[in-house]
Amino acid sequence: MTTTTTTASTRAIRDYDRPLWRRIFINREFAIIALLVLVTIVAAVSIRGFAQPITANYLLLDVAPILLIALPMTLVMITGEIDLSVGSMVGLASVVTGVLTQSGAPFEVAALAALLVGVVGGAFNGFLVTVVGLPSLAVTIGTLALFRGLAVGLLGTTAVTDFPEAWTALAKAKIAGTTIPYIVIPFLILLALFIVLLHFTPFGRGVFAIGLSKDAARFSGVNVERTKFILFVLSGVVAAFAGIFYTLRFGSARGDNATGLELQVIAAVVLGGVSVFGGRGHLHGVVAAVLLIGVLGSSLRLAGVTSDVINIITGGLLIFSVVAASVLAWVQRIRAKAGPPLRVAASSAP
Amino acid sequence: MTFARKKIAAFAAVAVAAALVLSGCADTGSGSGGSTEGEGGGSDNLSITFLPKNLGNPYFDTSSKGGKAAVEEFGGTFAEVGPAEATPDAQVSYINTATQQAVGALVVSANDPKAICDALNEARDAGVKVVTFDSDTNPECRDLFINQADSEGIAKVQVDLIADQIGGAGEVAILSASANATNQNAWIDLMKEYVASEYPDITIVETVYGDDDDQTSFDKTAALLQSHPNLKGIISPTTVGIAAAARYVSTSDFKGKVAITGLGTPNQMREYVEDGTVTAFALWNPADLGYLAAFAAKALIEGEITGAEGDTFTAGDLGEYTVGADGVVLLGDPFEFNADNIGEFDF
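Read top to bottom, the protein sequences are chains A and B. Numbering follows full-length UniProt numbering, in which position 211 of the first sequence is assigned residue number 211; successive positions increment by one, without gaps. Numbering follows full-length UniProt numbering, in which position 186 of the second sequence is assigned residue number 186; successive positions increment by one, without gaps.
If you're looking for bench data, these hints aren't it; they were derived computationally from the structure. No experiment lies behind these values; they were computed from the predicted model shown. Ideal placement from N, C-alpha and C gives every residue a C-beta, glycine not left out. Wrong hints could be hidden among the right ones.
Per label pair, the in silico range of CB-to-CB distance [claimed, not checked]:
1) A:V196 - B:A84: 36 to 46 Å
2) B:D346 - A:V119: 25 to 35 Å
3) A:T201 - B:P139: 49 to 59 Å
4) A:V224 - B:P229: 53 to 63 Å
5) B:F335 - A:S46: 40 to 50 Å
6) A:A123 - B:G167: 52 to 62 Å
7) A:I195 - B:Q226: 38 to 48 Å
Here chain A is said to cover these stretches of chain B; the calculated rule only asks that three of the stretch's residues, wherever they fall, bring their Cβ under 8 Å from a Cβ of chain A [to be verified]:
8) 83-90
9) 94-103
10) 174-182
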């Protein structure tokens, strides 16, 4: 698919033109993974209390909802769209689970209903974006308010805290012999599914093609609307699943659960190397970015840094990474304008 | 060209990495310096961490000040951590952090009685003593609860104050914090019972929630006065709410006509008492509450008490306290502030 546009083809050729080690080491994903390793080592060495097994447990439980939602969000953003309603969907799924459990439904039924709400909410976003043709930024700002309103409206400002002990315990349980929580299992399954979907199927190639050029993608036979619709539904249902996990982890369904989570997810996705204009991104970069933000937060908290300073640091990290990418693109443009096309220049050099 | 581009890409990646690592290092360095000095104290781990409902709340600033004074008095290490928003999920991360740090005791004001329970119990399993203050968790999740005043006393003083200010008859509304704040809800229920039995001519027409947010409380006050034209008084059992309500009323036509009372801090309420918007309000001394909580934590760490009913310990200047049923320690009766005595207080 990437050969359908001139920019994409030059990029592809240029990519394969480079030696393998350069392709591996000089890219954004590698920078983030290297940074994650570096920050983890620095934290383990210099921060008392970080280098112990329980850290993995707390850290993974903390970032699990972000990790989960970042998977479909990566695909949505590669198509050049965005889903700002995920944090509110977590809250709505949490409240639906809570209200149904409170009214006597078995927890399993309540959770299924919450997943269904995720499907419906995602389909609603997808419908407005693909059928009505509205920009996803506007649509999902709307549903961000709508889902949150429904969540708070359904439960008021009270909380449901009676969930079956077996389920709340499972949400926090550690895999036998380790401190890794069970939530990593569904996460790894989803990760594998999304990697296959994005990198090894025509659907995934379509996702990239849409992000590079919607028209070119359409001409080459990609069903742009169907692809986007499916992605919004996936985003909704994964957010709902994260909402159920969130509810069980804290044993508390509240309308204001996970307020602002969408910003954390989008920050991580952008930090992980997904272009906000679409067409570029890798899941491994995003996963590393989520973990990086998690490790930074956890280690800074351990070091006694206050939450507002932590926000400043993670926010600064995001802005710096985006600015660096933009400056790079700008320099490239200037150079491209100044001289003959890249390939010619490179090959005609003495 | 391609080479130049790669160089820029490489440079940018290295620069980002270096900048981030440096910022990370710098912060962790200074922070850990502050939190590590505690362990050198001796065999008893007297590092005590206060975890209020949220930071930047003057009430908790005062209670933490009291806690810090106590910890310094007995030579322990004091730390205060907390989320910016008063939500239970945000508190859980800080409880986990305290577990990782293996602090001696955690002194918590709970944003939800149940949601932070598992995290607290995990901390206790790891050897951390847990003291709640101001807002309790379920009793099985902590070692002690330091109660600022018993609920009956708090409900009674607020109802008596409003009854006194409106002449014992008329419509009254309540402006509370969040709808699932444990303490506020208990007081409101008792206030309603007490009004029903002692003041038959007073009607509580509505309870609204300002979520301990100044602007929300301000707006809810305006809405209350709009929707109940015959309102004679507002009781706000939260320091954020009463100050916002007083601020609204002080600049409106309702000044002098609608009485405002509840639980406030002298510094926040001073100007409204002086300009006549508020006649009297009540509170305990939050600094004493933090002070007592810190001494209770010390007694637990040193094994002087276990939190069983009948245990006694000495809390510095405040004297001796006895643990009551369910591991509750009572600070004392609420205190009434008015124009005559407000000048004597600064918190």
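Going down the list of hints, with the structure as the test:
At roughly 40 Å, the beta carbons of V196 (chain A) and A84 (chain B) sit within the given window of 36 to 46 Å. Checked against the given bound of 25 to 35 Å, the beta carbons of D346 (chain B) and V119 (chain A), roughly 58 Å apart, lie outside it. Checked against the hint of 49 to 59 Å, the pair T201 (chain A) and P139 (chain B) passes, with Cβ atoms roughly 55 Å apart. Roughly 58 Å separates the CB atoms of V224 (chain A) and P229 (chain B), a value that falls within the hinted 53 to 63 Å.
The hinted window of 40 to 50 Å between F335 (chain B) and S46 (chain A) holds, with their beta carbons roughly 46 Å apart. Checked against the given bound of 52 to 62 Å, the beta carbons of A123 (chain A) and G167 (chain B), roughly 60 Å apart, stay inside it. At about 56 Å, the CB distance of I195 (chain A) to Q226 (chain B) disagrees with the hint of 38 to 48 Å. Three residues within the 8 Å Cβ limit are the bar, and the region 83-90 of chain B against chain A gives 7, so the coverage statement holds.
For a cut-off of 8 Å, the count of residues in the region 94-103 of chain B with a CB near a CB of chain A stands at 7, and the three-residue condition holds. Given a C-beta distance limit of less than 8 Å, the hint that chain A covers the region 174-182 of chain B holds, as 3 residues qualify and 3 suffice.
Violated hints for the displayed structure, listed by number in ascending order: 2 and 7.
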